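**Q** Below are the chains, spelled out letter by letter.
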Amino acid sequence: MSIDVGFLLEALIKIVVVFHIVLIILAYTVYAERRVLAVIQNRLGPNRVGPQGLLQPFADLLKFIFKEELVPLAANKWLYLLAPLVALVPAFMTMIVYPFGGTVNLPWVGEIDLVVTHFNVGLLYVFAMTSLGVYGIVIAGWASNSKYSLLGGLRSSAQMVSYELALSLSVIGALLQAGSLDLVEIVRAQGGFFGLGWHIFWFQPLGFFIFLISAIAETNRIPFDLPEAETELVAGFHTEYSAMKFALFFLGEYANMLTASVLATVLFLGGWQGPFVDQFPLLGPVYFLGKVFFFIFLYIWLRGTLPRFRYDQLMNFGWKFLLPAALFNIVLSAIVALFAL
Amino acid sequence: MQSKEIVVPTASITALRRPDPLADQRMTMSLGPQHPSTHGVLRLELVLDGETVVEARPDIGYLHTGMEKTMEKEKWQQVVTITCRMDYLNSMGNDLGYCLAVEKLLDIEAPERARNIRVLLTEMNRITSHLVWWGTHGMDIGAMTAFFYAFTEREQMLDFFEMATGARFHQSYFIIGGCRWDLPGDFVQQVTDFLPGFEKFLDEAKKLVTGNRIFQRRTKGVGRISKQDAIDWALSGPTIRGSGVNWDIRKSEPYSGYDTYDFDVPVYDGCDVWSRYLVRMDEMRESVRICKQALVRLKDPGPVLSDHPKLKLPERDLMKQHIDVMIHHFLLASEGFTVPIGEVYFPIESARGEIGYYIVSDGKERPWRVRVRAPSFINLAALPKMVEGQLLADVVAVIGSIDIVLGDVDR
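Residue numbers (my numbering), protein chains in the order written: chain A, 3 to 343; chain B, 18 to 428.
No wet-lab data here; the hints were simulated from the structure. Small disclaimer: the values here were computed from a predicted structure and weren't measured. Keep in mind that the hints are not guaranteed to be accurate.
Unchecked claim - Label-pair restraints from in silico Cβ distances:
#1 A/LEU134 <-> B/ASN263: 52 to 60 Å
#2 B/ARG230 <-> A/PHE282: 54 to 62 Å
#3 B/GLY406 <-> A/ARG45: 38 to 46 Å
#4 B/GLY183 <-> A/TYR30: 23 to 31 Å
#5 A/TYR30 <-> B/ASP249: 42 to 50 Å
Claimed, not checked - The calculated DSS-like cross-link candidates involving lysine-lysine, where the alpha carbons are at most 27 Å apart (straight line), are:
#6 B/LYS268 <-> B/LYS327
#7 B/LYS86 <-> A/LYS149
#8 A/LYS322 <-> B/LYS237
#9 B/LYS90 <-> B/LYS381
#10 B/LYS337 <-> B/LYS309
Backbone N, C-alpha and C fix where the C-beta goes; we use that ideal spot for every residue, glycine too.
Whole structure, please, built from the sequences with the hints as guidance.
**A** Now the structure itself:
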């Protein structure tokens, strides 16, 4: 068995490039959230650091790095330090399967796939990784040794476990139609009808909405942001975290948001597919990022508009409405897959 | 004198008390005093069973500044600077209550224009207070945008206060006998132009928060207190009107000419957070109605301060001619006036409920005792009754719905 140096080099370069692209997207998601929220709320938002405040993410990063590292005396030190990493690393590991575009022909390089790697269980891999994130939150809630954190950790574990069921069940319809778990194959399956053969238009609108709601709950965002409900639990599981450790949680949350947006785009909105993408493959990443940013905007928009659910209402909604609806959608999709396709 | 020994049967009491099997599974959590949604420095000691509140004990006093005692050291006219600092969101209402109480002791009445100015400004103040409540209540339940919209509107109203009184927050504009000075030039016109825009904002508020299904689910049936309980706990203001009791001092014991205004008292009988919410939202509209009527009446000029010799400084020309007028001016400016011996209780309807001033005068130039019946304090006492058995998330909703101001609770 010989190691293919070219293959290894290609993968490494792709990882570095994608990692940086995603980091920049995340940094500017935070910035965009603050600016868009400001527009919604009739105020200015950060506009002092750099032109229009564009350097704000870097200023924030520097601030986080230079803040004092505090570990509460009563905290379980190792778990306390471990938790932010457990929350962040799996969230970042999902990015290797983001399909940014189809196969493009670049000058000097030749034909490459705009994805770090695609393997046949890509979706399962993403779900496995995002589910690991809950451990970070639970460990943080426990290790902080604070009552607010504990309640926040409890809430989030209950919430994420409940909504993961509906989340996983809601995508099965799309998988039945695509016939694959590989994210790239799922996107390719939606290429018909001049690049508009998206699953949301063809038989999966219900699945899409269930997925969207569960994904928002899964990423702990308003209206499902109970784990960090600031008016009840101060800051929930990360009450005791400060400096860079807090920033890691923060980044993890946004990385999860991005992953959820990417999944929604890939599974239901046709990934990089769109009109004329076959003729101009470089349009692919534009379509893809455009759709992802639409979902991120949706997250911010919801945050600017909606109040928060209560714990018991959230559980009722998840188990009594979303889960049966997702099951119903599977039956529906199975019938569609049998007779219509 | 024989001392009688009282034997307290402590042992028997503890024996009678049944052991609580769940006692060690409960968690005592301290909500506050530094907490984003306790509206100041309220501390709540919550005993939680999971997320359910078993027991709630409000702990107050973090903002106690001895205001009632300080009032005894100030001259009658100077006390106004303290009253507006108690319930700082409803400062005009506080001033008005004090001024009316002392005016009753002095047996004088402010001129008609002063009465109308007072009604206009206290109603505008009620609106600003309700706006703060609306914003923070929305924020407690997670709708953060409401907060910014509310404060944008409130800012404009505070600008009007600044225009009329020179201060945005602690106006001290109402004084015993009337108002400190007349309203500036086109104040009436500018407020008249502003009010329709504000009514439009109220429609928008209805769309943003009132019509929101999640908000309704968070508030309906939460924090209930029955009609009888509300009366027994001596609640007042929107808190009791949300329990179906039609009790508004502006109607039942009209003051400052409220009986000549045409307005309704919104009453809802859901007894929950949602009803209290609706009461306050409707009250803002009613306040706008009152403001509009007051603005029409303020078109005609007139004196704004009673010409009672104790209150009005003598004319400059007369001072130069008569030595006794000169002496009167000197005494009034240096010592202040005296108030006849007696005591009075005067309640008015503030944004939070019945704020009453019980004032005792010993005939000197300073009050002997001022005691304030603060609506926040008494409404807060019923909080444990409202939250017990509810979920933790409901606690903040209920605190928001009784709209306490800690400056008013602790004084």
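**Q** Indicate, hint by hint, whether the structure satisfies it.
**A** Now the hints, each set against the structure:
Between A/LEU134 and B/ASN263 the Cβ separation comes to about 58 Å, which falls inside the hinted range of 52 to 60 Å. As the Cβ distance of B/ARG230 to A/PHE282 is approximately 44 Å, the hint placing it in 54 to 62 Å is violated. Between B/GLY406 and A/ARG45 the beta carbons are some 39 Å apart, a value that agrees with the proposed interval 38 to 46 Å. Restraint check, B/GLY183 to A/TYR30: a C-beta distance of roughly 46 Å breaks the suggested window 23 to 31 Å.
Distance hint for A/TYR30 and B/ASP249: a CB-CB separation of about 57 Å, inconsistent with the stated range 42 to 50 Å. Among the hinted pairs, B/LYS268 with B/LYS327 is inconsistent with the structure: their alpha-carbon atoms are about 31 Å apart, more than 27 Å. Under the criterion of a C-alpha separation no larger than 27 Å, the hint pairing B/LYS86 with A/LYS149 is inconsistent with the structure, at around 39 Å. Distance check on the hinted pair: A/LYS322 and B/LYS237 sit about 20 Å apart at the alpha-carbon level, within 27 Å; holds.
Distance hint between B/LYS90 and B/LYS381 is fulfilled; the C-alpha atoms sit about 12 Å from each other, no more than 27 Å. Annotation: proposed proximity of B/LYS337 to B/LYS309 is violated, straight-line Cα distance about 44 Å (limit 27 Å).
Checked against the numbered hints listed earlier, the structure breaks hints 2, 4, 5, 6, 7 and 10; every other hint is satisfied.
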